[in-house]
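Take a look at the letters that make up each chain.
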Amino acid sequence: MSDSQGPLWEVFVQKKAGQPFVHCGNLHAFDKEMALQNARDLYTRRGEGMSLWVVPSSAIVASSPEDMGSFFEPSNDKIFRHPTFYQIPDGVGHM
Amino acid sequence: MNLNDALFKYSIRLGDTSLILAQRLSEWTGHGPFLEEDLALTNITLDIFGRAKSLLEYAAKIEDKGRTEDDLAFLRTDREYFNALITEQPNGDYAKTIMRQAFIDCFDLLFYTALAKSKDETLAGIATKSIKEITYHKRHSFSWVMRFGNGTEESHTRLQQGFDEVWAFTEELFEMNEVDEVLLKEGIAVDLSALKPLWLKEITELLDKANVQIPEGVYMQKGSRKGIHSEHLGYILAEMQSLPRMHPNAKW
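Chains as they are written, first to last, in the numbering used here: chain A, 561 to 655; chain B, 196 to 447.
There may be inaccurate statements among the hints.
Unchecked claim - Taking lysine-lysine pairs in the BS3-like style, the calculated list, with each CA pair at most 25 Å apart, reads:
1. Lys380(B) / Lys333(B)
2. Lys248(B) / Lys312(B)
3. Lys327(B) / Lys575(A)
4. Lys324(B) / Lys575(A)
5. Lys592(A) / Lys404(B)
Worth flagging that the hints you see were computed from the coordinates, not collected in a lab.
Go ahead and model the full structure; you've got the sequences and the hints to work with.
So this is what it looks like as structure tokens:
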């Protein structure tokens, strides 16, 4: 998508080192540097993160709503795939 | 001039320069070229307002006459203001605003990096906090100068026009007077003459990359060190001061 505000970029913020980058929104920018600066100003002004990724929205390949059934439903009735049969030790942080 | 007077005038000069620049930049809030850029510049503006507040607060403390930073900001006339002339120049289009900002950011980063080593602890503290902010401001303005300079024919023309309108006010940033002399001896002030070649080198490189021509023989404007300003400052103060003057001691 492109208009007078430049193409769209997706923004991912990492809260702390070692944690995953989490998608937090998108923005307009005309180039990589501007996308990074805009992401900083829009999404990290209040200490939300330590690191940033910006990705052109056009580079994201997404599944479509029609795929929902064939993609995701088969896993629902196979409870042996869900690791719910043991306790996670307290010492394990993020899983 | 005794040390206290000099320190008061120095803090006022720095505080006013930040305050008037921030007031000017704040005119863009809600009028930026697009949402993200509107936020970016407003964010920068807030950093500069913050610096102005710290500096004027310190000036008020040194003066010790019961005035607050708000009194200094809202109850002085244009002849009592000592902001650099470049800060009061009209914003023009976005290219001109960015060009002015690049000149100032480049100067400020050199200046506050040097001021962080000042023997005055308060000024050194304010400077240290400012360095990170200004590093980002400069990255923002410099990248826009490159973008305008190497963008379309129109963006380049506008950048060159913005440059032509602002360049004459850059020399004054390095002007020193008795205030600087007194404070330099004490290791408090920054030697501006030492900053000039560094500033000129960086700016020349930037302008070169952005294909902006520096004309020769431009008459350089001065006056703010004596409180003499262009016609623009009066309008800025009128707008900025009207509310506190009409409603003294109004509270939010």
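Hints and how they fare:
| no. | hint | result |
| --- | --- | --- |
| 1 | Lys380(B) / Lys333(B) | violated (30 Å) |
| 2 | Lys248(B) / Lys312(B) | holds (21 Å) |
| 3 | Lys327(B) / Lys575(A) | holds (20 Å) |
| 4 | Lys324(B) / Lys575(A) | holds (23 Å) |
| 5 | Lys592(A) / Lys404(B) | holds (18 Å) |
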